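Chains as they are written, first to last, in our numbering: chain A, 5 to 123; chain B, 866 to 981.
Only true hints are included.
Estimated spans, in silico, between C-beta atoms of each pair:
1) A:66 x B:929: 39 to 49 Å
2) A:13 x B:935: 31 to 41 Å
3) B:920 x A:56: 27 to 37 Å
4) B:935 x A:18: 48 to 58 Å
5) B:868 x A:22: 24 to 34 Å
6) B:881 x A:58: 47 to 57 Å
7) A:22 x B:945: 40 to 50 Å
8) B:929 x A:123: 47 to 57 Å
9) B:875 x A:59: 35 to 45 Å
10) A:33 x B:873: 29 to 39 Å
11) B:928 x A:16: 38 to 48 Å
12) B:918 x A:21: 43 to 53 Å
13) B:896 x A:33: 18 to 28 Å
14) B:891 x A:6: 29 to 39 Å
Mimicking DMTMM-like on lysine to aspartate or glutamate, the simulated pairs with C-alpha atoms at most 20 Å apart in a straight line are:
15) A:115 x B:924
16) B:906 x A:90
17) A:59 x B:969
18) A:82 x A:56
19) B:906 x A:14
20) A:74 x A:30
21) A:77 x A:35
Read the hints as simulated data drawn from the structure, not as lab findings. Please read these numbers as outputs of a predicted model, since none were measured by experiment. C-beta: ideal position from N, C-alpha, C; glycine also.
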Amino acid sequence: AQTVTQSQPEMSVQEAETVTLSCTYDTSESDYYLFWYKQPPSRQMILVIRQEAYKQQNATENRFSVNFQKAAKSFSLKISDSQLGDAAMYFCAYRRTMYSGGGADGLTFGKGTHLIIQP
Amino acid sequence: GAVVSQHPSWVICKSGTSVKIECRSLDFQATTMFWYRQFPKQSLMLMATSNEGSKATYEQGVEKDKFLINHASLTLSTLTVTSAHPEDSSFYICSAHTTGRNTEAFFGQGTRLTVV
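Could you put the whole structure together from the sequences, leaning on the hints where they help?
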């Protein structure tokens with residue numbers, strides 16, 4: 005079974021600085037998706053960024069980028085120019101592709117990292 | 866982007882009663898929806914996979930008779946917590962995936978259930 009590990013329960017960063025959140029995972033699959041989700045106090049899950057395992061190029065979305073190391077099974081999230089609105093819980097998540105075994109799978113989440121932005 | 870609506874956003878019920886939570890995909894059809902449970906300050910744990918027109922698939926340790934799932938249409942899945950007890954109090958979140966290679970999961974707003 006796949007597992008997702010986030011080893012940083014809490015991180016703090018100064019506004020406008022850069023922070024990196026760590027995530028490692030374990031799977032025997034070769035094709036899968038990795039995600040970072042943001043959960044603000046409203047508890048609505050918001051997709052931050054997605055990476056497909058077959059793509060070697062790291063995904064980027066404006067101030068958010070990932071460092072995807074497939075061999076090391078590592079998937080870290082870098083937030084540049086941190087803003088107060090970035091404060092939230094961040095969850096790393098894994099999902100098999102639909103083509104691996106037919107049908108859609110649910111997500112496997114890490115335990116989350118609470119990101120604090122210091123003004 | 867696609868929208869998934871979950872209702873109610875919060876509910877308080879008495880022990881022994883049943884509570885139904887609805888999850889609707891508003892602008893796309895979802896043959897599969899997922900139900901998660903989140904305890905305070907913890908992660909989301911997948912409870913079950915809701916399949917349109919067939920039985921739900923439950924994760925290990927989840928009581929299927931306690932958490933009844935019905936997926937009667939391509940846009941609606943319901944989770945019924947039967948004979949609720951205080952330990953069932955939690956935050957329940959549904960999600961639905963769009964299809965295709967660029968599949969993406971969209972989450973409902975979640976339901977906070979409190980059993981008193």
